[in-house]
Amino acid sequence: MDDATLIAQVQAGKEHANRYLIERYKNLVWHMVLRMVSQPEDAEDLCQEIFLRIFRDIGKFRGESKLSTWIGAIAYHMSISYLRKKGKEILVPVEDYFPVAGTRPVVESAEAALDKSSMKKLIHRIIDSLPVHYRTVITLFYLEELSYREIGEITGMPDGTIKSYLNRGRQAIREQLVQLVPDLLPVLAETQ
Amino acid sequence: MNPDSNPWNELDALILETLKEKPERELPLTFTDTLLRKVERQLTWRELVREFAVKTGIVTGTLLVLILCLILPVRETTNPFLLLLADHWKIVSGVIFLILFTFFSDQVLLKFYTKQRLLDTRS
Numbered sequence: 001m002d003d004a005t006l007i008a009q010v011q012a013g014k015e016h017a018n019r020y021l022i023e024r025y026k027n028l029v030w031h032m033v034l035r036m037v038s039q040p041e042d043a044e045d046l047c048q049e050i051f052l053r054i055f056r057d058i059g060k061f062r063g064e065s066k067l068s069t070w071i072g073a074i075a076y077h078m079s080i081s082y083l084r085k086k087g088k089e090i091l092v093p094v095e096d097y098f099p100v101a102g103t104r105p106v107v108e109s110a111e112a113a114l115d116k117s118s119m120k121k122l123i124h125r126i127i128d129s130l131p132v133h134y135r136t137v138i139t140l141f142y143l144e145e146l147s148y149r150e151i152g153e154i155t156g157m158p159d160g161t162i163k164s165y166l167n168r169g170r171q172a173i174r175e176q177l178v179q180l181v182p183d184l185l186p187v188l189a190e191t192q
Numbered sequence: 001m002n003p004d005s006n007p008w009n010e011l012d013a014l015i016l017e018t019l020k021e022k023p024e025r026e027l028p029l030t031f032t033d034t035l036l037r038k039v040e041r042q043l044t045w046r047e048l049v050r051e052f053a054v055k056t057g058i059v060t061g062t063l064l065v066l067i068l069c070l071i072l073p074v075r076e077t078t079n080p081f082l083l084l085l086a087d088h089w090k091i092v093s094g095v096i097f098l099i100l101f102t103f104f105s106d107q108v109l110l111k112f113y114t115k116q117r118l119l120d121t122r123s
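The listed protein sequences correspond, in order, to chains Y and C. Here our numbering is used: the first residue of the first sequence is 1, the next is one more, and so on. Here our numbering is used: the first residue of the second sequence is 1, the next is one more, and so on.
In short, the hints are calculated from the structure, not lab data. Given the structure is predicted, the values throughout are model-derived calculations rather than measurements. A portion of the hints provided could be inaccurate.
Claimed, not checked - Computed list of lysine-lysine pairs in BS3-like fashion (alpha-carbon distance at most 25 Å, straight line): (1) C/K20 <-> Y/K26; (2) C/K22 <-> Y/K121; (3) C/K20 <-> Y/K121; (4) Y/K26 <-> Y/K86; (5) C/K38 <-> Y/K85.
Next comes chain C alone, as it looks inside the complex (with noise of 0.2 Å):
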């Protein structure tokens, strides 16, 4: 036996050994794929809807505008096509989600999984 060893310096040169490995478990490999794609597909959604809230956002606000233009000049107004709108406006309302719904759908819903489905078919 060394006298001028110590069995804690021992102890402690394993411990710091230890503390520098790696684990023994790794990321698999394929986690950069598989994230990848994950990625890829926020962003698509992301952008999707934001090209649409900006597409609805230009349309209903010029909406907005000429219906003031047209309301507010003449408060009690005598326009027919406005009286049946303000008349029936739960149908109007309705038609009008309809027509988003679908501009939704179409701008949003079918881009995303038709951009989706190439891109599984890619990889």
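So that you can see chain Y by itself, here it is in the shape it has in the complex (with noise of 0.2 Å):
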């Protein structure tokens, strides 16, 4: 279904219409706002009220982008208002970010960490300290697979801003995962 066609019938009040738009963008909002959020249950609650701000103001919707880009960008705002109203500091460049004690993860040894999975687990907990900013546009790249310019329209960056963050994004993460795991590259170099 197009999207003129999906907004048409929602319009009308078509139940399976509804369904089918919630269904079809459900992931998009709920990868988005767990990324920004972090707290699952706060983020569940965050994608309702999405949805029921973009089923009231569809009738809005112009068409001049697509529907992913202009439901990426209410759950974007929508989640950034969340977070100022949660006094949590939203602009921080990642150079003159340090992980608070407490909330860097801890990691035992290079052995431990090297198991794949946990390895995976340490990098997504090492996202989720990353600056909003940084995340949001590590999952809308990454996960959603999102151009530079869709990444653009939901958050407002230029595609020069959106490439620095995907790029110090990474480095932090490189950078971060070697603090923690000192060990970590010898073990990597011997094991080729």
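Reconstruct the complex from the two isolated chains, following the hints.
Okay, here's the thing in structure tokens:
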């Protein structure tokens, strides 16, 4: 179903269209919100609020962008508002960012961490500790496979900033991983 | 050890693989159903309030036009009915408020809860 048909059917109050809209975009909204907000219970409630806003404002969608980016933008802005209400810091450049003690993931040894699934869990925890804009851009680019333009339409960031956040974000993940598991690189080199 | 390999490449590959992975935690299976019920509730409420506003607007507008037609031609009215209304405007306002509230309860609240009960029984 194309965007225009879907919107028309949603506005006509067709329940199957409402259901289709939710099923089609719930993962995009969930992945974004979960990454931005971090707390799963809060993320779930926020996802509901986001969809209620989408259904309320669907008549305002003018078709200037894709429906997915319009929905993504609503999810992004509502998540930022939520974080502001909770007093969470939003704008922290990654080079100024230093994980607060207690929020940094703890690893016992390189061998324990080298189990692939443990490494992945550690990487996820590192991502969760990055500033929110980095997490958002990383999620939209790698997980949702959106283009720079689409990410720009959702977040309002220029292409240059998005690329910068992606590069710096990945660099920060690498650096933190090596800091947390100091023997990691030698062990990786030995196993090759 | 492969002399051509670089542990940073392997690390980058793992990071990339992790970035593309879906989160472990997913939305509950009942998410869509719960949300649809809320949407239905909101849409029903908005529709009923809109209908009520239109009906009230029509009735109030008509009454205002009538009153203006009665008052304007004769500024110093001697119509006993209008004089009675003007003298007891507080009681008149209270009665109008009560009528509006009853109308609102019937057209909006009662219809809303009846529809919700029907939906809950169906689900």
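Hints and how they fare:
no.	hint	verdict
1	C/K20 <-> Y/K26	holds, 17 Å
2	C/K22 <-> Y/K121	holds, 12 Å
3	C/K20 <-> Y/K121	holds, 13 Å
4	Y/K26 <-> Y/K86	holds, 24 Å
5	C/K38 <-> Y/K85	holds, 24 Å
Against the hints set out earlier in the document, no violation occurs for any number.
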